[in-house]
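Produce the complete structure using the sequences and hints provided.
The primary structure of each chain is shown beneath.
Protein chains: 2
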Amino acid sequence: MKIGILGYGNLGRGVEFAVRQNPDMELVAIFTRRKPEELKINSDAQVVSLSEIENWKDKIDVLIICSGSANDLPVQTPKYAEIFNVVDSFDNHAKIPTHFENVDKSAKANGKVAMISVGWDPGMFSLNRVYANAVLPEGKDYTFWGKGISQGHSDAIRRIAGVKDAKQYTIPVESALQAVRNCENPTFTAREMHTRECFVVAEDGADKARIENEIKNMPNYFEPYNTTVHFISEQELKEKHGGIPHGGFVIRVGNTAGDKNHIIEYSLKLESNPEFTSSVLVAYARAVYRLAKEGECGCKTVFDIAPKYLSQKSNEELRKSML
Amino acid sequence: MKIGILGYGNLGRGVEFAVRQNPDMELVAIFTRRKPEELKINSDAQVVSLSEIENWKDKIDVLIICSGSANDLPVQTPKYAEIFNVVDSFDNHAKIPTHFENVDKSAKANGKVAMISVGWDPGMFSLNRVYANAVLPEGKDYTFWGKGISQGHSDAIRRIAGVKDAKQYTIPVESALQAVRNCENPTFTAREMHTRECFVVAEDGADKARIENEIKNMPNYFEPYNTTVHFISEQELKEKHGGIPHGGFVIRVGNTAGDKNHIIEYSLKLESNPEFTSSVLVAYARAVYRLAKEGECGCKTVFDIAPKYLSQKSNEELRKSML
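Top to bottom, those sequences are chains A and B. Per our numbering, the first sequence starts with residue -7, numbered consecutively. Per our numbering, the second sequence starts with residue -7, numbered consecutively.
The hints are simulated quantities; they were obtained by calculation from the structure and are not laboratory data. There may be inaccurate statements among the hints.
Which copy is meant is left open, so a pair is good if it fits within one copy or across any two.
Said to hold, decoys possible - Calculated cross-link-like contacts (lysine-lysine; reagent style BS3-like; alpha-carbon spacing at most 27 Å):
(1) LYS97 to LYS87
(2) LYS312 to LYS200
(3) LYS71 to LYS139
(4) LYS97 to LYS71
(5) LYS230 to LYS252
(6) LYS285 to LYS97
(7) LYS200 to LYS27
(8) LYS252 to LYS232
(9) LYS100 to LYS285
(10) LYS312 to LYS71
(11) LYS32 to LYS305
(12) LYS252 to LYS305
(13) LYS97 to LYS252
(14) LYS97 to LYS51
(15) LYS132 to LYS305
(16) LYS312 to LYS100
(17) LYS230 to LYS32
(18) LYS71 to LYS285
(19) LYS132 to LYS312
(20) LYS252 to LYS32
(21) LYS(-6) to LYS232
(22) LYS252 to LYS139
(23) LYS252 to LYS(-6)
(24) LYS230 to LYS71
(25) LYS87 to LYS232
The following block contains the structure:
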């Protein structure tokens, strides 16, 4: 299975690593908008300017698009689904239906399989929501995120005047998790489910009280939450907050008609958010390859894929060893 | 979607309840080997002698077979897959490949869809093993069961002379769970993962020391574990241990090539083991119905079914609300 990567940021590098863990795959090319000779990669793949991607039409089985959800994927995924089977990690939940329509049109017109919104949320968390809701139609869903770095919230802090750098952790409220697990069926405000902890490097002479105030009162991002702000040195930020961990919990508490309570809980604890997301992308690239071989086409999500398509093992072997 | 139930024990009653929670389904008949007039059921379904089941050939979309795994399902599932689309909860892991072959042959020869081994283990736990292994190819799997009632172990105690009744709880060792979650990659003996706690009602005048000794030294069932035995009254057994709770944990600890650790954990905490299993059977009955409509046939397991087939919601609605 010949894999191509479009975009060589954290996610692209993660895919490069993940392909190595899957002996049925080979990474053949990394496409970049930068100058190819400036890219330092960690594999034998060829580095190719994005402008030449059409030459690779028949040399790649699945193209994994590792660009940003905000601006790149809405354009790139429909575009490259014209010439490749593709996978992306489009994560703007509200815009998924539109993205799906666009990608579906392009993939169908060109006989390609295109998977969107692959990762952990959307992705593995979504799967667990669907399974749990199907099995327990009467119940309540809860999703908690963290403890982990929120890129969007960290960026928001960095845009404040006087801030040199910052990292923001989203943290689930332990007592809220416990209330859910105790079958109390709570209804939460945003504040009751998550807290936000910020580590900020201020510029020399900046007014820290003003910065802290601006963070805590930022609408949508921080105002609806209990937020803690710590000012630390650049050195400490680098040493103690250099990672990109994340994770969370998807819980459904439901009852069966005999009035018994049941709790289904799925959780992830990830030391590297992009490396895990990449691993999910690579597993679904296998599914895309197999569906394409079977003659399928069009846009797919994780809901459309039978689990067997993700595994390196044969169906017989899966039944024998994992059922 | 017209549902039939074969066998009216705990599981059959659970299916009867679960169908009520799924407005796209209707329970039309319960088939029994007992005298139909002796069955007290909790719905408007018709109670029918098993000997007349062939008359229902065209009146049922999916037959959910709720009989015992040990002796009944190996015979009944291949037999009734000749005339109905069927689902069973065959749970003898070692014999699944043989059962699959037998059911597949019969279902294919008759153009029926037959799902086997549906429930939580095999079932939801198996799904989680496959997803987690596909996403993290390098790592280690752990399955813990409990806290919950093991029917097999309870039965084994009841067979000891002088025992009137008994319930056995399988309990995961908390420190073992923690070691796994701490990414210590431990290798466990059976004793290190689970303990067994037994509540026994002895017959009047029975030798309790001898009973306790027989339990604790029973090969395979109890000898490999740390086992606790409590002698209690029949009244107390009924009051405090009358439920059938169960559950457990499927954990995969894996690493990505950047050498970051990731923990995927799925857990169930069930107040009623049979009612939850029944709910899974009913969700997969929906999938069987839809696959049959699409012209599929043959034996299927949870690995073969795309999540969307389980849900009452349309694909559009799923993408909009759950992705």
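Hints, one by one, checked against the model:
| no. | hint | in the structure |
| --- | --- | --- |
| 1 | LYS97 to LYS87 | within (16 Å within a copy, 45 Å between copies) |
| 2 | LYS312 to LYS200 | neither (61 Å within a copy, 42 Å between copies) |
| 3 | LYS71 to LYS139 | neither (36 Å within a copy, 52 Å between copies) |
| 4 | LYS97 to LYS71 | within (11 Å within a copy, 45 Å between copies) |
| 5 | LYS230 to LYS252 | between (49 Å within a copy, 18 Å between copies) |
| 6 | LYS285 to LYS97 | both (20 Å within a copy, 26 Å between copies) |
| 7 | LYS200 to LYS27 | neither (40 Å within a copy, 81 Å between copies) |
| 8 | LYS252 to LYS232 | between (45 Å within a copy, 16 Å between copies) |
| 9 | LYS100 to LYS285 | both (15 Å within a copy, 23 Å between copies) |
| 10 | LYS312 to LYS71 | between (41 Å within a copy, 23 Å between copies) |
| 11 | LYS32 to LYS305 | neither (33 Å within a copy, 46 Å between copies) |
| 12 | LYS252 to LYS305 | between (37 Å within a copy, 24 Å between copies) |
| 13 | LYS97 to LYS252 | neither (45 Å within a copy, 38 Å between copies) |
| 14 | LYS97 to LYS51 | within (23 Å within a copy, 40 Å between copies) |
| 15 | LYS132 to LYS305 | between (35 Å within a copy, 16 Å between copies) |
| 16 | LYS312 to LYS100 | between (36 Å within a copy, 21 Å between copies) |
| 17 | LYS230 to LYS32 | within (22 Å within a copy, 69 Å between copies) |
| 18 | LYS71 to LYS285 | within (21 Å within a copy, 34 Å between copies) |
| 19 | LYS132 to LYS312 | between (34 Å within a copy, 18 Å between copies) |
| 20 | LYS252 to LYS32 | between (57 Å within a copy, 21 Å between copies) |
| 21 | LYS(-6) to LYS232 | neither (38 Å within a copy, 59 Å between copies) |
| 22 | LYS252 to LYS139 | between (31 Å within a copy, 16 Å between copies) |
| 23 | LYS252 to LYS(-6) | between (49 Å within a copy, 25 Å between copies) |
| 24 | LYS230 to LYS71 | neither (38 Å within a copy, 66 Å between copies) |
| 25 | LYS87 to LYS232 | neither (35 Å within a copy, 51 Å between copies) |
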